[in-house]
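The listed protein sequences correspond, in order, to chains A and B. Just so you know, the first sequence maps onto residues 1 to 111 in the numbering used here. Just so you know, the second sequence maps onto residues 1 to 552 in the numbering used here.
Some hints here could point you the wrong way.
[Claimed, not checked] Taking lysine-lysine and the DSBU-like style, the derived pairs with C-alpha atoms no more than 30 Å apart in a straight line are:
1) A/57 - B/25
2) B/32 - A/38
3) B/32 - A/39
4) B/161 - A/12
5) B/32 - A/12
6) A/38 - B/25
Because the hints were derived from the structure by calculation, they are not lab data. Source: prediction; values computed, not measured.
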Amino acid sequence: MIVENTQTQMRKGILEYCILSIIAKGETYASDIIAELKKAQLLVVEGTLYPLLTRLKNNGLLTYNWVESTSGPPRKYYILSDEGRSVLHQLDKTWEELAFAVQTAIGERKQ
Amino acid sequence: MNKTIIININGIVFHIEEDAYEILKNYMTDVKRHFMNSADSLEITTDIENRIAEMFSEILERENKQVIVEHDVSQVIEQMGSVADFENADDTGKSGPYNYSTEGRRLFRDPDDHLVAGVCAGIANYFDIDAVWVRLAFALFLPVGGTGLLLYIILWIVIPKAVTRADRMAMKGEKQNLQGFKKNLEDELSSVRQNISNFGDEARPFVYKARDFTGDFFHHLGIFLGGAGRLFVKMLGVFILICCLSLTVFLIVALVALLAFGQFAPFHDLPFNLIRHSHAELLYISAFLAAFIPLLSIIFLTLKGVFNTGSVSRSTGSTILVIWLCSLCIFIYYTAQIALNFKESAQFSENISLKPVNGNTYYLKLNDVKYFSKQDSIRLNIKGLAPGVKITEDPYEYNDFNHFNYRRVHINIEKSDVSQPVLVETFKAKGRSYDDALLNVRNTKYRFVQQDSVLKFDYRLYADRDDLWHDEELYITLKVPLNALVVIDDKLNDMIQGQSIYECKQVDKKENLPYATFIMTNNGLQCKIDTVVTAKKDSVKTAKADTTVAQE
Numbered sequence: 001m002i003v004e005n006t007q008t009q010m011r012k013g014i015l016e017y018c019i020l021s022i023i024a025k026g027e028t029y030a031s032d033i034i035a036e037l038k039k040a041q042l043l044v045v046e047g048t049l050y051p052l053l054t055r056l057k058n059n060g061l062l063t064y065n066w067v068e069s070t071s072g073p074p075r076k077y078y079i080l081s082d083e084g085r086s087v088l089h090q091l092d093k094t095w096e097e098l099a100f101a102v103q104t105a106i107g108e109r110k111q
Numbered sequence: 001m002n003k004t005i006i007i008n009i010n011g012i013v014f015h016i017e018e019d020a021y022e023i024l025k026n027y028m029t030d031v032k033r034h035f036m037n038s039a040d041s042l043e044i045t046t047d048i049e050n051r052i053a054e055m056f057s058e059i060l061e062r063e064n065k066q067v068i069v070e071h072d073v074s075q076v077i078e079q080m081g082s083v084a085d086f087e088n089a090d091d092t093g094k095s096g097p098y099n100y101s102t103e104g105r106r107l108f109r110d111p112d113d114h115l116v117a118g119v120c121a122g123i124a125n126y127f128d129i130d131a132v133w134v135r136l137a138f139a140l141f142l143p144v145g146g147t148g149l150l151l152y153i154i155l156w157i158v159i160p161k162a163v164t165r166a167d168r169m170a171m172k173g174e175k176q177n178l179q180g181f182k183k184n185l186e187d188e189l190s191s192v193r194q195n196i197s198n199f200g201d202e203a204r205p206f207v208y209k210a211r212d213f214t215g216d217f218f219h220h221l222g223i224f225l226g227g228a229g230r231l232f233v234k235m236l237g238v239f240i241l242i243c244c245l246s247l248t249v250f251l252i253v254a255l256v257a258l259l260a261f262g263q264f265a266p267f268h269d270l271p272f273n274l275i276r277h278s279h280a281e282l283l284y285i286s287a288f289l290a291a292f293i294p295l296l297s298i299i300f301l302t303l304k305g306v307f308n309t310g311s312v313s314r315s316t317g318s319t320i321l322v323i324w325l326c327s328l329c330i331f332i333y334y335t336a337q338i339a340l341n342f343k344e345s346a347q348f349s350e351n352i353s354l355k356p357v358n359g360n361t362y363y364l365k366l367n368d369v370k371y372f373s374k375q376d377s378i379r380l381n382i383k384g385l386a387p388g389v390k391i392t393e394d395p396y397e398y399n400d401f402n403h404f405n406y407r408r409v410h411i412n413i414e415k416s417d418v419s420q421p422v423l424v425e426t427f428k429a430k431g432r433s434y435d436d437a438l439l440n441v442r443n444t445k446y447r448f449v450q451q452d453s454v455l456k457f458d459y460r461l462y463a464d465r466d467d468l469w470h471d472e473e474l475y476i477t478l479k480v481p482l483n484a485l486v487v488i489d490d491k492l493n494d495m496i497q498g499q500s501i502y503e504c505k506q507v508d509k510k511e512n513l514p515y516a517t518f519i520m521t522n523n524g525l526q527c528k529i530d531t532v533v534t535a536k537k538d539s540v541k542t543a544k545a546d547t548t549v550a551q552e
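One chain only, chain A, in its complex shape (with noise of 0.2 Å):
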């Protein structure tokens, strides 16, 4: 149970991390992402996502534009805003914080 709990914090507080990494490289469309988000094995399921995405647009971090599609309705597609960017930004440090003593942490319990 404390695994489990442990992990969906890490996992949740990577997630939108990534997501914004994502989106970072450009127009983005939701199933692109969760393409992504599967192969690197943070989310399973599409419906999850929309959620998350609608709520970091909410706050700022991400616009989308409308593009007609060949097959289907028109399709959102993500990018960043200013904000989010800036946001990115400051995670990335973040990370390379966390991932240096992680691995400090980690390095010295494997020697």
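Following the hints, position chain B against chain A.
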């Protein structure tokens, strides 16, 4: 071949099979319900719908088909994730600035503040009062025929448990429009509550354990009762059906038997002796319908209520109702008519002087000769029988005990004031009016025969064969002088009032004799006990021999 439905997802039209549509609809309902309390619910669900539409389009294009089938829907749902998956991810939402806007309160069972199942706390939350008062009200209603308990169990089953955070907020009617402020406040409050409940856990572990245990217990009991209750209702339904069907079969058989053989029914048995044959069929049919239609409705109601099959159209129902009311009216009318026949009673008495008897001993016997009217004799060709044949009527021989209660004869033996024996016959009968009753009395016939010292009595009154029963009775009073010996035959036992022949025989130690001997004293009739009997065996024999001689 399957039925397809045309659906429209955000402006795009799809042909979808009915089964597949059901699944998709249920899924979307679940999804919408899940995000219902989120401010962005519309946006999120629209995103999801759009994505589903896109996936459908892709599938149709890839597989080059036109209709979406069940497999496609389940594939899409698998990719999109079930509501359970969303709930797992909901933990993420908890820390974030999720916006819950709830219009009004919703009724839930409160899992945070429960004694048994949280019904009271849920109601209290709904009306925004202290749970103590609701609990007190339930406790007060508990002794009133257990209504409190019953109500609690029903509410327990009906009201859903507040599972998600959104449920809990909806239950308490919390709105969060001013996000930051409210969120902080809420978090603080919840942490305070957490601390309090932690404190409670430490301080009163037993109480909480007991509470959890009872909660679990009742939870499982609820599940059990739910299943067992349905089974019980089904079994009850089957039982009712079997009862009603067997009653119906009985009614139909009875009706057919009555209609076919009614006129041959034993005329002296109730209730056939009450009903004129000219009316009988209508009465039977109306009685049948009056009983059969309610049975039929019970059968249909049981089928509909318990097994959810079978139904009767409104017009058929009302027709049947009218028929039932008519037959009930007819039945009540005839029953009332029959009852009216017993309204008045009449009686008359007749004195018959008996011929004087030598030796002052009277032998009372059953008249077992069957009398026929002239018509009967001709009809049955009595004279054509071999000479010397006598047609007798002995109810003991035929075990025809019904006759004893039919047009009965009661015999009373009293002391006569004069030296001559006297017989008084008092006839009684009932009728619609006094005149009718009197006519009914006069219509009866009784045959009493005196052959020297032997008095022979018919065991019942006679009326015309076709005549109905009017509660005719005959009271015979035989007045014999003082010290007269009365020898009464066994067969008269049921007719004699105030004396038991068998008791007398027992006292007299003469059980093997077919009669008992009584003597008239100043105090009325008494059992005559031979004092000699108690002395010696020999004398018993002589006494016996004497009596036999005397009798002959």
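We went through each hint and held it up to the structure:
1. A/57 - B/25: holds, 28 Å
2. B/32 - A/38: The hint holds at about 25 Å.
3. B/32 - A/39: Holds: residue 32 of chain B and residue 39 of chain A sit about 28 Å apart, inside 30 Å.
4. B/161 - A/12: With Cα atoms ~28 Å apart, residue 161 of chain B and residue 12 of chain A stay inside 30 Å; holds.
5. B/32 - A/12: holds, 23 Å
6. A/38 - B/25: Within the cut-off at roughly 27 Å; holds.
Comparing the model with each earlier hint shows no violations; every hint is respected.
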